[in-house]
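Asker: Since the structure of chain A is provided, determine the placement of chain B on it from the hints.
Each chain, letter by letter, is given below.
Number of protein chains: 2
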Amino acid sequence: MFPFTLEEFQARIANTKKKMEKRGIDVLLITDPANMNYLSGFNGWSFYVHQMLVLLIDEEQPIWLGRGMDANVAKQTTWLMHERIISYPDYFVQSREEHPMDFIGKVLSDIGQSNRSIGVEMDTYYYTAQAHHRLKEALPNATFVDATNLVNWVRIIKSEQEIHYMKQAGKIAAKAMYAGMNAIQAGARECDVVADIYHAQLSGTDEGGGDYPAIVPLLPAGIKTGAPHITWTDQRYPSEETVIIELAGCHQRYHAPLARTITIGKPQQRVSDVADIVVEGLNEVMAFIKPGVTCEQVEAVWQKTINRYGLKKESRLGYSTGLNYPPDWGEHTASLRKGDQTELKENMAFHVIPGMWYEDFGVEISESIRITKDSCELLADFPRQLLSNTSIDSAS
Amino acid sequence: MFPFTLEEFQARIANTKKKMEKRGIDVLLITDPANMNYLSGFNGWSFYVHQMLVLLIDEEQPIWLGRGMDANVAKQTTWLMHERIISYPDYFVQSREEHPMDFIGKVLSDIGQSNRSIGVEMDTYYYTAQAHHRLKEALPNATFVDATNLVNWVRIIKSEQEIHYMKQAGKIAAKAMYAGMNAIQAGARECDVVADIYHAQLSGTDEGGGDYPAIVPLLPAGIKTGAPHITWTDQRYPSEETVIIELAGCHQRYHAPLARTITIGKPQQRVSDVADIVVEGLNEVMAFIKPGVTCEQVEAVWQKTINRYGLKKESRLGYSTGLNYPPDWGEHTASLRKGDQTELKENMAFHVIPGMWYEDFGVEISESIRITKDSCELLADFPRQLLSNTSIDSAS
Numbered sequence: 001m002f003p004f005t006l007e008e009f010q011a012r013i014a015n016t017k018k019k020m021e022k023r024g025i026d027v028l029l030i031t032d033p034a035n036m037n038y039l040s041g042f043n044g045w046s047f048y049v050h051q052m053l054v055l056l057i058d059e060e061q062p063i064w065l066g067r068g069m070d071a072n073v074a075k076q077t078t079w080l081m082h083e084r085i086i087s088y089p090d091y092f093v094q095s096r097e098e099h100p101m102d103f104i105g106k107v108l109s110d111i112g113q114s115n116r117s118i119g120v121e122m123d124t125y126y127y128t129a130q131a132h133h134r135l136k137e138a139l140p141n142a143t144f145v146d147a148t149n150l151v152n153w154v155r156i157i158k159s160e161q162e163i164h165y166m167k168q169a170g171k172i173a174a175k176a177m178y179a180g181m182n183a184i185q186a187g188a189r190e191c192d193v194v195a196d197i198y199h200a201q202l203s204g205t206d207e208g209g210g211d212y213p214a215i216v217p218l219l220p221a222g223i224k225t226g227a228p229h230i231t232w233t234d235q236r237y238p239s240e241e242t243v244i245i246e247l248a249g250c251h252q253r254y255h256a257p258l259a260r261t262i263t264i265g266k267p268q269q270r271v272s273d274v275a276d277i278v279v280e281g282l283n284e285v286m287a288f289i290k291p292g293v294t295c296e297q298v299e300a301v302w303q304k305t306i307n308r309y310g311l312k313k314e315s316r317l318g319y320s321t322g323l324n325y326p327p328d329w330g331e332h333t334a335s336l337r338k339g340d341q342t343e344l345k346e347n348m349a350f351h352v353i354p355g356m357w358y359e360d361f362g363v364e365i366s367e368s369i370r371i372t373k374d375s376c377e378l379l380a381d382f383p384r385q386l387l388s389n390t391s392i393d394s395a396s
Numbered sequence: 001m002f003p004f005t006l007e008e009f010q011a012r013i014a015n016t017k018k019k020m021e022k023r024g025i026d027v028l029l030i031t032d033p034a035n036m037n038y039l040s041g042f043n044g045w046s047f048y049v050h051q052m053l054v055l056l057i058d059e060e061q062p063i064w065l066g067r068g069m070d071a072n073v074a075k076q077t078t079w080l081m082h083e084r085i086i087s088y089p090d091y092f093v094q095s096r097e098e099h100p101m102d103f104i105g106k107v108l109s110d111i112g113q114s115n116r117s118i119g120v121e122m123d124t125y126y127y128t129a130q131a132h133h134r135l136k137e138a139l140p141n142a143t144f145v146d147a148t149n150l151v152n153w154v155r156i157i158k159s160e161q162e163i164h165y166m167k168q169a170g171k172i173a174a175k176a177m178y179a180g181m182n183a184i185q186a187g188a189r190e191c192d193v194v195a196d197i198y199h200a201q202l203s204g205t206d207e208g209g210g211d212y213p214a215i216v217p218l219l220p221a222g223i224k225t226g227a228p229h230i231t232w233t234d235q236r237y238p239s240e241e242t243v244i245i246e247l248a249g250c251h252q253r254y255h256a257p258l259a260r261t262i263t264i265g266k267p268q269q270r271v272s273d274v275a276d277i278v279v280e281g282l283n284e285v286m287a288f289i290k291p292g293v294t295c296e297q298v299e300a301v302w303q304k305t306i307n308r309y310g311l312k313k314e315s316r317l318g319y320s321t322g323l324n325y326p327p328d329w330g331e332h333t334a335s336l337r338k339g340d341q342t343e344l345k346e347n348m349a350f351h352v353i354p355g356m357w358y359e360d361f362g363v364e365i366s367e368s369i370r371i372t373k374d375s376c377e378l379l380a381d382f383p384r385q386l387l388s389n390t391s392i393d394s395a396s
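Those protein sequence lines, which keep their order, are chains A and B. As numbered in the numbering used here, residues 1 to 396 make up the first sequence, in order. As numbered in the numbering used here, residues 1 to 396 make up the second sequence, in order.
This is chain A alone, in the form it adopts within the complex:
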C-alpha cells in the first residue's frame, strides 16, 4: 500500500537523526512537504495551511500536526500510529486572530519539548516569517536552530526504489515531450499544446500513472524564449517560431525534468548555432560525470566547451532533483556551479539544464541523470537535438 517499505522509512529517520545529533538538535520541525513525505509518507495537497512533522531525537515515530480535515490524509498515507496524528480546529485556518503555531507551540510544551534545542527549516517556502515569530512566542525557553535543508541533504542519495520511480517518471517525461512536440504547429493555440502535454503527464504509462509535477509545463515561444519561467497564453503560433518546452514526468512525487527546443518552420540561424553548442557542451558534461568529481568541476567542463565558441552562462548548469512538491522540483542542495564542492556519488540525480537565455531568444536542451557506479545514465530517452515536429518519429 505504501510506496516504500517501513524499513526504508526507518532508515531515513535514522539518517536524519544522525544529522540532528551532529547539529545538537533535539526536536526537528519539518515543514517542507517533500521532507514530510520522505520521513512519514504524508502526501496531500494541504501545504497551503500550516502543518508539520515533528521528529524527536529520543522517540521512534514522528508526530504529524496539521489541520483537522487533513488528519485523515495523515491516517491514510503515513505509517504513523493514529495517536501520533494531532490536529488543530478549523478556526485557526487563515484567521486574523489565531495562528496554527499557537496551537502547535502548546502541543510541543504539553509533551515536554518547550526548553529543548529545536531545529526549524528557516528558508522553506511554507515556514513563513509569521509562523516562526508565533512559534518563538509560544516557546520562549526553546533554543531555535536553523535546519534548512537538513533532510534535503539526506534525500540527495536515492534508494533503488526511488530510482525506480524516477525512471518511471523519465518514461512519462519522454511521452509528454512527444505529445508537446507533436502538438506544436503553426495555428495551434499554446493552451491546447499544454492540454496535450498534461494529458500525457497524468495518464503516464500502463506500468505507472502520472502524478502532478511540482512545476507546470513551461513553453515560452518567440521572444519569450528569453524568459524561461513565463507561462503559456491562448495565442496561436505563427508559421515560423521557436518554442522551448520544459516539463517533468512525475511518479509517486518523484520527478524527471526534461527540456527541448522545437522550431516551427525554418529554424533561426542563431537558434541552431546555439543549440549545436549546447548539445556539444551537454555531451562533454555527460562524458565527464562520475562519482568523485565535484559539482564545480562538472560546471567547469561546460564553461570550457562553450567558451571555445565565445559563449558564457551566468546561471547554474543544474541541480539535484527527485521527490518534490510545488513550487519547485529542485532539491535545494547541490547545484552544478562554481563554488559548489559537493562530490558526486552513486545514486545522486541531477537535472542538467544548460539553458542559454538572451534578451529576445533562448535555447534549452536538458537531461535528467542518475549517477551510476562509474558514470551516469539518462532518466528520459529523447533525441538530444534541436527539434521540429517533423524531425523525428513519435513513440507515443
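Certain hints may be false.
Note that identical chains are pooled: a pair holds if it fits in a single copy or bridges any two copies.
Stated by the list, open to error - Calculated lysine-lysine pairs in the DSS-like style (CA-CA distance at most 25 Å, straight line):
1) LYS18 x LYS345
2) LYS345 x LYS171
3) LYS304 x LYS266
4) LYS136 x LYS22
5) LYS312 x LYS290
Rather than coming from a laboratory, the hints here were simulated on the basis of the structure.
Answerer: Below, chain B alone, put in the same frame as chain A:
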C-alpha cells in the same frame, strides 16, 4: 496585450496606497505572487526563488526585484519601465552563503529606504522566516510592520474585467467537471480521469484558453472521500464507488472552483442522504446571500438548515476567491464562518463549499458565486446534485 488597462493597475495602486497610509507604511514589500500580479501584471512561475514588488508611498511605479533570468518575465508581463526592474545574480539562488534578501536590503538602502516604515507580508507562503531574518539584518534602522493580506483586502472587490475572467473560468470549470464525470467509471484509472480533467481545464473554450489552477484537481474515492486534500493514484475504480471531484477553471490567473460528488453504481444511502441535505443547505444559503449581510450570518443559515437534520460542520463554509497562484486559490481574507463579520458587497466572489467529511466517507457539492447588486449569481453552471456519469447529458 496586458489583461487589464493601465488605468485599472493605477486604481489598484491607489487603493493599496490608501491602506498603506492608514497603517503608516512607507514602503510595502509584496511577496505574494497574486499581489505582485495584481499591482504590476507580473506573471511567471518564478515564485520558487525570492522575489518581490516594492511599492513606495511617494512614487508612482513599483519596483520589481528578482532573479536575473526572470527580469525578462518582468519586462514582458508588467507595465513597469525597464529601469524599475532590478535583478540579482544567479549565485544568490538557493545558496548556502548568500541570500537574495542581502541583495534586496542593499538595493532598498541604496535608494534611501533603509530607515522607513516597511510593510512585509509576514504570513505569505513565499516570505520565509529566513527571508525576514536576513532583511531585518540588512535594514537595522527600518521599522517593520506586518502587512499580511493588505493587498488581498484590496483584491476582494472585483472589477468588471476581473468578473469577466472569472465567468470564463466558470465555463472552463463546468467543462472540466463534465470531462471528469464522463471519465469516472468502473475499471478506469484515477490518473486517466485526471488526465481528461486537465485536458479540459487547459484547452478551455474557443473564447478563452485555460490557465493552471492554483490547486490540482482533487478526486478522492471511497474511504478517501473523508480526506478531501488527498491526491489521485493510478488505481482502478471498483464497480461501486463514491468519488468527489474538486477542481477549478482558471483564466488569466482568475479562478472559479467547483466540487461535485459522483457515484459509480448504486449510491450508498448515507451518501445520498447527506447530499440531499447539502443541496438544501446550499440552496438556502444562495437564497440568503446579498450585499449587506455578513459572512457569519451566511454561515448561520447553513448551520440552521443542516442542524434540522442533526448534522454539524466544524470547518468553514467557504472563502473569498479570484486571482491566485499555487498553493491556494483562496484569498485569505473573508471566510464564511462564525466570527467573520465581513459584510458582503457587490462584486465580491466566494467559493461556497459545504464539504461534509467523516472518518470513512465524505460529500462535497459546491458553487462559486459573485455577489450581485441584490443577490448572487453562479460562475459555473452545473447540475447541483449527487451525480453519476449516466445521470445527465454531457455538454462538452
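Asker: Of the hints stated earlier, which fail here?
Answerer: The structure breaks only hint 3.
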